[in-house]
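Novice: Sequence:
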Amino acid sequence: GLLHAWQSAGEQRHWLIPLKKGTHYQEQRSLGRQDRLVTLITSPQARKKWPDLPPTMTARLLRRKVNGKEVQVLTSMSDPLRFPAADIVDLYSHRWEIELGYREIKQSLLGNRLTLRSRTPAMVFQELWGTLLAYNLLRFQMARMAYSLDAVHPNQLSFHQAAHWLIKELTILPWVSPGRVPGVLQSMLDMAPAFVLPERRERSYPRSVRRRPQKYPTKKNASQR
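Just so we're aligned, residue 1 is where the sequence shown starts under UniProt numbering, counting upward by one.
Some hints here could point you the wrong way.
Now the in silico label distances, taken between C-beta atoms and shown as ranges [stated by the list, open to error]:
no.: 1; residue 1: Ser-148; residue 2: Asp-35; range: 31 to 41 angstroms
no.: 2; residue 1: Pro-174; residue 2: Arg-144; range: 41 to 51 angstroms
no.: 3; residue 1: Leu-189; residue 2: Lys-215; range: 56 to 66 angstroms
no.: 4; residue 1: Ser-118; residue 2: His-24; range: 43 to 53 angstroms
no.: 5; residue 1: Arg-63; residue 2: His-160; range: 34 to 44 angstroms
no.: 6; residue 1: Tyr-147; residue 2: Lys-168; range: 45 to 55 angstroms
no.: 7; residue 1: Ser-187; residue 2: Gln-7; range: 19 to 29 angstroms
Pairs of lysine-lysine, DSS-like flavour, derived with a Cα cap of 27 angstroms [claimed, not checked]:
no.: 8; residue 1: Lys-48; residue 2: Lys-20
no.: 9; residue 1: Lys-69; residue 2: Lys-48
no.: 10; residue 1: Lys-168; residue 2: Lys-106
no.: 11; residue 1: Lys-65; residue 2: Lys-21
no.: 12; residue 1: Lys-49; residue 2: Lys-20
no.: 13; residue 1: Lys-106; residue 2: Lys-65
no.: 14; residue 1: Lys-106; residue 2: Lys-48
no.: 15; residue 1: Lys-69; residue 2: Lys-21
no.: 16; residue 1: Lys-21; residue 2: Lys-49
Simulated from the structure, these hints should not be mistaken for laboratory data. Here the structure is a predicted model, which means the values were calculated and not measured. Each residue gets a CB set at the ideal place from its N, CA and C atoms; glycine is no exception.
When you get a sec, could you build the whole thing from the sequences and use the hints?
Specialist: If you want it as structure tokens, here you go:
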């Protein structure tokens with residue numbers, strides 16, 4: 001229901017999620033090797049909670065092996081020409097970048113503050129939108145800096161260092177004469193090599209459950225002593 005509401009709220013709104021165990025679907029047609037267009041069958045409980053949710057939804061099911069393990073993902077990006085399967089799977093493998101983005105906002109932009117400065121609901125919304133806008137503007141400029149280099153991805157630049165430098169440069173930009181603005185923007189691109197990080201090593205964090213601490217120590221049998 002939430003995915004349908006999100007997709008229906010505007011144009012070019014897409015979602016990408018792992019296939020959950022027990023999901024009911026029917027295959028419509030093949031889009032390629034391990035690439036299928038499927039019909040998802042929504043549950044009565046979901047339709048009761050989301051009145052606009054139809055009985056069925058069309059989605060794209062992709063199967064790929066990542067590090068020897070089969071991964072199945074569902075997505076609303078159903079056009080195989082516009083959204084190649086390899087690009088979607090690669091995008092899914094970088095899903096943890098979202099968590100890093102939250103960390104960059106909290107640590108670098110908000111300075112590890114536990115609370116926002118605003119005290120009214122309207123101002124809280126304004127502060128949040130302003131923070132998200134500032135983050136995306138910084139990320140946009142960092143993407144331009146990365147693409148000015150050879151084979152460097154935007155997430156290979158240090159956000160903390162680049163953001164502090166860009167904020168300083170953008171702060172003085174209103175006092176720069178119009179004729180010097182192109183030079184200042186070019187200097188931002190020229191500084192890109194200074195913020196390139198070493199290649200990040202491959203990491204894996206399998207899901208696990210933390211053991212609940214016991215109030216009393218566990219009594220051992222005589223054979224275990």
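Novice: Each hint needs a verdict: does it hold in this structure or not?
Specialist: Structure-based check of all given hints:
1. Taking the beta carbon of each, Ser-148 and Asp-35 are about 34 angstroms apart, inside 31 to 41 angstroms as hinted.
2. In this structure, Pro-174 and Arg-144 break the distance hint of 41 to 51 angstroms, their C-beta atoms being roughly 20 angstroms apart.
3. At roughly 60 angstroms, the beta-carbon separation of Leu-189 and Lys-215 lies within the given 56 to 66 angstroms, and the hint holds.
4. Between Ser-118 and His-24 the CB atoms are about 44 angstroms apart, so this pair conforms to the stated range of 43 to 53 angstroms.
5. Taken as a hint, the range 34 to 44 angstroms holds for the pair Arg-63 and His-160, whose Cβ atoms sit roughly 38 angstroms apart.
6. A hinted range of 45 to 55 angstroms for the beta carbons of Tyr-147 and Lys-168 is inconsistent with their spacing of about 22 angstroms.
7. Checked against the given bound of 19 to 29 angstroms, the beta carbons of Ser-187 and Gln-7, roughly 41 angstroms apart, lie outside it.
8. Between Lys-48 and Lys-20 the alpha-carbon distance is near 21 angstroms, which keeps this suggested pair within the 27 angstroms criterion.
9. For the hint pairing Lys-69 with Lys-48, the CA-to-CA distance comes to about 36 angstroms; that exceeds 27 angstroms, so the pair is violated.
10. For the hint pairing Lys-168 with Lys-106, the CA-to-CA distance comes to about 19 angstroms; that is within 27 angstroms, so the pair holds.
11. The straight-line distance between the Cα atoms of Lys-65 and Lys-21 is roughly 17 angstroms, inside the 27 angstroms bound, and the hint therefore holds.
12. Straight-line distance between C-alpha atoms of Lys-49 and Lys-20 comes to about 20 angstroms, which keeps the hinted pair within the 27 angstroms bound.
13. In summary, the hint linking Lys-106 to Lys-65 is not supported, as the alpha carbons are separated by about 34 angstroms, beyond the 27 angstroms threshold.
14. As the CA atoms of Lys-106 and Lys-48 are separated by approximately 37 angstroms, the hinted pair breaks the 27 angstroms bound.
15. Taking the CA atoms of Lys-69 and Lys-21, the gap is near 15 angstroms; set against the 27 angstroms cutoff, the hint holds.
16. Pair hint Lys-21 plus Lys-49 holds up; C-alpha atoms about 21 angstroms apart against a cutoff of 27 angstroms.
Comparing the model with each earlier hint shows violations of hints 2, 6, 7, 9, 13 and 14; every other hint is respected.
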